[in-house]
Amino acid sequence: MSVTTVEPPAQKPTVRPQRKNRRPKSSGWWMPYALLAPAVMFVLAIQVLPMVIGICMSFIKLTKAFIANWGSAPAAGLANYSITVDFNSAVGKSLLSSFFVTCGFTVLVVGLSWMLGMAAAVVLQKQFWGRGFIRTLFLIPYALPVYAGIIAWKFMFQKDTGAINHFLFDNLHVGGEKPFWLIGDSSFVAMLIVAIWRLWPFAFLMLMAGLQSIPSEVYEASAVDGAKPWRQWRSITLPMLKPVNVVLILVMFLWTFNDFNTPYVLFGNSQPPAGDLIAFHIYNASFLTWNFGLGAAMSVLLLLFLLLVTGIYLIVVNRRSRRA
Amino acid sequence: MHETTGVKVFRVAVITVLAIFTAVPVYVMITSSMKPLRDVQGPFTWWPSEITLAPFVDMWTTVPLASYFINSVMVASAATILSLIIAVFASYAMSRYKFFGRSIFSTTILSTQMFPGVLFLLPLFLIFVNINAATGIQLVGTMGGLIITYLTFSLPFSIWMLAGYFDGIPHELDEAAKVDGCGPVGALVRVVLPAARPGLIAVAIFSFMTSWGEVLFASVMTTEANRTLAVGLQLYSTQSDVYWNQIMAASLVVSIPIVVAFLLLQRNFVAGLTAGGVK
Chain A
1 MSVTTVEPPA QKPTVRPQRK NRRPKSSGWW MPYALLAPAV MFVLAIQVLP
51 MVIGICMSFI KLTKAFIANW GSAPAAGLAN YSITVDFNSA VGKSLLSSFF
101 VTCGFTVLVV GLSWMLGMAA AVVLQKQFWG RGFIRTLFLI PYALPVYAGI
151 IAWKFMFQKD TGAINHFLFD NLHVGGEKPF WLIGDSSFVA MLIVAIWRLW
201 PFAFLMLMAG LQSIPSEVYE ASAVDGAKPW RQWRSITLPM LKPVNVVLIL
251 VMFLWTFNDF NTPYVLFGNS QPPAGDLIAF HIYNASFLTW NFGLGAAMSV
301 LLLLFLLLVT GIYLIVVNRR SRRA
Chain B
325 MHETTGVKVF RVAVITVLAI FTAVPVYVMI TSSMKPLRDV QGPFTWWPSE
375 ITLAPFVDMW TTVPLASYFI NSVMVASAAT ILSLIIAVFA SYAMSRYKFF
425 GRSIFSTTIL STQMFPGVLF LLPLFLIFVN INAATGIQLV GTMGGLIITY
475 LTFSLPFSIW MLAGYFDGIP HELDEAAKVD GCGPVGALVR VVLPAARPGL
525 IAVAIFSFMT SWGEVLFASV MTTEANRTLA VGLQLYSTQS DVYWNQIMAA
575 SLVVSIPIVV AFLLLQRNFV AGLTAGGVK
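From first to last, the protein sequence lines stand for chains A and B. Following my numbering, the numbering of the first sequence begins with 1 at its first residue and continues without gaps. Following my numbering, the numbering of the second sequence begins with 325 at its first residue and continues without gaps.
With the rest of the complex left out, here is chain A:
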């Protein structure tokens, strides 16, 4: 490539290729759109369009009677919403409690998964004998199909035939009655353990990938200056992983808040209130009572909440990085 001499060459290569790509000689302006078309088409047809219809459904009285002929369901205005947010009624009260359960669940699962993933990634950062094996072992829960892992836990949480109670009461000789893990308040703990078991390897994977981009010279230099490991983690690892963490925490938050698989496979048709995550709650509210208008209204509220939290999160994160 020839470089024109007038301008500093450092800037040139970054500007030039973009210019060129804007109008490639062999193809027209439509080329990127043609390349994107299939992706746009499928995402519009399978996700965006149904979601818009779903939002419309939240404004009609779509009950069992109209499900075969849903075009003729009467308009409901905001009736579905007012039932949903009337916290004195049974529907509103159970939705609110489900919402709080989900909030607590999400904070604990994302927080603990991130901590475990971070600890494992840092500990495996340096080469040592058996590292590859340990890393492979840690990734197994992520590689297992969702339902297979959860079903194994479901077996372990059985009251009389499960491994957990056997370990606590027969091996460790904890006194008292064996609890039910999948019924009642303990179901929250059971669900929490399963969800963390599934999610932390993902945090580990992402953080491990992120750590690879931190040059080891930085650590060596700081060690020469007398930095202790804790200090190194706080002053080097954490700031340099920030771009990874921003995406990682957001994605884990959205997945966990929308988690349907864990309660569905773990509890099946019994729905303990302590394990009633919001996606599971809405699914049951829609498909057990066949009141889809109400279910759609709940989903729209959920979507608005997630949009709000995501928006605030991104604003806070961006502002902080600008200040720094």
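The reader is advised that the hints may include incorrect statements.
Claimed, not checked - Cross-link-like lysine-lysine pairs, in silico, DSSO-like; alpha carbons within 27 angstroms at most: (1) A/Lys126 x A/Lys228; (2) B/Lys422 x B/Lys502; (3) A/Lys242 x B/Lys332; (4) A/Lys242 x A/Lys228; (5) A/Lys159 x A/Lys178; (6) B/Lys502 x A/Lys228; (7) A/Lys126 x B/Lys332; (8) A/Lys178 x A/Lys126; (9) A/Lys126 x A/Lys242.
Think of the hints as simulated: they come from the structure by calculation, not from any bench.
Chain A is fixed; fit chain B onto it per the hints.
This is chain B only, laid out in the frame that chain A set:
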């Protein structure tokens, strides 16, 4: 490098705790799959009273596992191939072109991660039913509907990861191919794709795992004819006896191909993540 005792103790503690936490369910799954039925119906034991492979034989007849298995393989493979092709074109556009609507596209595609599945599950179901009524194309109770649904689930992450990967491949490679007479698609297929192989493998594994493990849509969109493993495995517990040993055997069998594939190719996966947004 010298290490303090504190660091070593911390490392051993973290590895031990996490290794036990990770391995116990896997251990229970493996040992229970080799237990006779009386072992899993009585109090739990850490080791089978006798080792038997009967659950691995019986599991095929308790529920029609083989047909669920074939359905899952077909749905996941088709969704993976289609999603990979679509993601390759889209990521190439994202990586190599500046165009109007670029940022709108990337925002929209990432924000689909936010959509609660339950919100578009029923409308999608109704759309499929209406398409069937209008054109005769059957999407509910066949694999087609599941395939096109699943391919959109893995698209956002695939595009994001592949675009990052393509960014790491020098533009000069495409330019050289164009000088040699390739069009943009020719440059993509002949030059960029071979260079992006690790990224493509990573994205393919991710798509396959997404489809293989999806539960919610499978539970609504499948009928007896196209039931996949995600739903099929749960049928063991609706039998009059809960055959936990067979459930564990079946879980093991459906997990092994995907776990082995993932673990063998994990390096590609990490490389793909590093090249993607994780920088």
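For each hint, the structure was consulted:
no. : hint                : result
1   : A/Lys126 x A/Lys228 : holds (16 angstroms)
2   : B/Lys422 x B/Lys502 : holds (18 angstroms)
3   : A/Lys242 x B/Lys332 : holds (26 angstroms)
4   : A/Lys242 x A/Lys228 : holds (21 angstroms)
5   : A/Lys159 x A/Lys178 : holds (7 angstroms)
6   : B/Lys502 x A/Lys228 : violated (53 angstroms)
7   : A/Lys126 x B/Lys332 : holds (12 angstroms)
8   : A/Lys178 x A/Lys126 : violated (43 angstroms)
9   : A/Lys126 x A/Lys242 : holds (20 angstroms)
The structure fails hints 6, 8 (numbered hints given earlier, in ascending order).
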